[in-house]
Amino acid sequence: MGDGAYGDEMNQVALFENALRAAVPAQPDPLIGRDLLPRLAQVARTATIEAETRASRRGSALRTGRAARSRRALVARVAIAVGLIPLVLAGLAFAGVTVPGPARDAFDSVGISLPNQPSEHAQSEKATSPSQSGGNEVSDAAKTKAKGQGGNSAAAHEHALKQREKAKGKAKGHEQGNAIGLKDLTPPGQSGDTGPPPHSNAGGSAQSDAAQLAPKLPSHPFPKGQAGGRGQVEAPQVAGE
Amino acid sequence: MSAERFTSLLESARQGSEAAWKELYDGLAPVVLGYLRANGAPDPEDVLSEVFLQVARDVTSFSGDEKGFRSWVFTIAHHRLIDARRHAARRPVELAAEPPEPVDRADDAADEALTRIGTEEVQRVLEAVSDEQRAVLLLRVIGDLSIEDVAKAVGKRPGAVKALQRRGLAAVKRELGRKGVTL
Numbered sequence: 001m002g003d004g005a006y007g008d009e010m011n012q013v014a015l016f017e018n019a020l021r022a023a024v025p026a027q028p029d030p031l032i033g034r035d036l037l038p039r040l041a042q043v044a045r046t047a048t049i050e051a052e053t054r055a056s057r058r059g060s061a062l063r064t065g066r067a068a069r070s071r072r073a074l075v076a077r078v079a080i081a082v083g084l085i086p087l088v089l090a091g092l093a094f095a096g097v098t099v100p101g102p103a104r105d106a107f108d109s110v111g112i113s114l115p116n117q118p119s120e121h122a123q124s125e126k127a128t129s130p131s132q133s134g135g136n137e138v139s140d141a142a143k144t145k146a147k148g149q150g151g152n153s154a155a156a157h158e159h160a161l162k163q164r165e166k167a168k169g170k171a172k173g174h175e176q177g178n179a180i181g182l183k184d185l186t187p188p189g190q191s192g193d194t195g196p197p198p199h200s201n202a203g204g205s206a207q208s209d210a211a212q213l214a215p216k217l218p219s220h221p222f223p224k225g226q227a228g229g230r231g232q233v234e235a236p237q238v239a240g241e
Numbered sequence: 001m002s003a004e005r006f007t008s009l010l011e012s013a014r015q016g017s018e019a020a021w022k023e024l025y026d027g028l029a030p031v032v033l034g035y036l037r038a039n040g041a042p043d044p045e046d047v048l049s050e051v052f053l054q055v056a057r058d059v060t061s062f063s064g065d066e067k068g069f070r071s072w073v074f075t076i077a078h079h080r081l082i083d084a085r086r087h088a089a090r091r092p093v094e095l096a097a098e099p100p101e102p103v104d105r106a107d108d109a110a111d112e113a114l115t116r117i118g119t120e121e122v123q124r125v126l127e128a129v130s131d132e133q134r135a136v137l138l139l140r141v142i143g144d145l146s147i148e149d150v151a152k153a154v155g156k157r158p159g160a161v162k163a164l165q166r167r168g169l170a171a172v173k174r175e176l177g178r179k180g181v182t183l
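For the protein sequence lines, the chains are A and B, in the order given. The first sequence runs 1 to 241 under my numbering. The second sequence runs 1 to 183 under my numbering.
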């Protein structure tokens with residue numbers, strides 16, 4: 001019974017739908033169609049031409065735009081890569097890695113000192129730094145010191161002469177024995193030079209140098225009786241050594 | 001109409017063939033006009049002209065078969081119908097809608113009178129349902145659109161369209177039972 005009622009309802013709805021299909025469509029005024037159809041054809045033709053023009057324009061614009069985009073993308077990639085290099089180096093330095101010297105110099109030039117870098121770099125940095133104040137200061141200090149010594153030089157020189165005279169008697173043999181060929185040399189302290197003699201570090205090895213220099217040097221500044229005899233006696237011993 | 005025939009007809013219409021447009025217009029204008037009238041469009045034939053002008057403007061962007069074309073045209077008709085309603089709502093004086101003209105279906109006067117009576121009853125039943133339910137029922141029955149196509153046309157989800165259709169048919173059944181309409 002329910003099915004029958006449902007079937008009746010469905011038939012009713014189906015009948016309504018059929019009536020709807022039959023009743024709703026309405027024939028438009030023929031005048032409308034007569035005026036409208038040429039316009040439709042014209043509008044469609046214009047729209048098609050515009051669409052084709054737009055498509056070709058879009059295609060060319062797309063090509064040029066794509067090329068420009070690719071160039072911009074390339075430049076951006078390069079810029080990003082270049083910008084990342086300092087960051088990577090700084091990161092490595094923070095991580096404790098010793099970065100290469102040129103990279104450190106580049107950072108130093110812009111006033112950034114990288115952490116965790118070896119102290120050699122700091123020393124060399126001081127030595128090679130553009131300020132050079134350390135070097136100048138050292139040289140100034142050295143000059144000042146020299147000047148100060150220069151101020152005391154008369155007394156010091158006399159003291160040095162006394163010491164030398166004193167030492168002459170004690171260390172004559174030693175001095176003459178080692179200084180073969182140096183008998184003609186001007187002893188330090190008498191030459192007037194404040195600096196050390198050029199062969200002061202010669203020691204034993206200064207023999208050869210002294211031997212070479214001996215003939216070129218000027219006449220003997222010492223009194224003849226002091227060094228002459230011994231020098232003649234001891235010279236063959238040293239030469240034999 | 002075969003698929004090839006429709007494709008060539010559409011291509012001719014794109015190129016501006018008046019004969020092709022006449023064929024398309026004759027096939028779709030009656031149902032579209034009936035849809036507009038049944039939905040209470042303020043000036044149905046004016047809206048019909050706007051619908052076909054937009055179809056002509058956008059026909060280059062359409063791709064699909066005959067059924068898709070029909071669905072597309074009804075979607076445009078629905079949008080133009082909404083625009084016309086909004087426009088009419090802003091008008092200070094509302095114009096009276098013209099009486100619908102049925103399609104020439106009967107040969108003699110008796111059949112024509114019967115069709116007219118049926119049309120009046122159908123319109124009375126349609127007035128009993130809401131605007132949304134009526135739009136969905138007409139697009140489904142007159143436009144022969146699927147649930148998905150109707151959903152696209154009215155801008156709702158398919159589930160909502162199904163619910164509207166179900167409630168609309170229930171209202172139609174109630175109205176038919178109440179008035180004892182015999183179709």
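Since the hints were made in silico from the structure, they are not lab data. This one's a predicted model, so the numbers in the text were calculated from it and none came from an experiment. Be aware that one or more of the hints could be misleading.
To be verified - Partial pick of chain B residues on the chain A-facing surface, computed with a CB cut under 8 Å: (1) THR7; (2) LEU9; (3) ALA13; (4) GLN15; (5) SER17; (6) TRP21; (7) GLU23; (8) GLY27; (9) LEU28; (10) PHE52; (11) THR119; (12) ARG124; (13) LEU138; (14) VAL141.
Idealized CB from N, CA, C, for every residue including glycine.
| field | Structure-inconsistent hints, enumerated in ascending order | value | 1, 2, 7, 8, 9, 12
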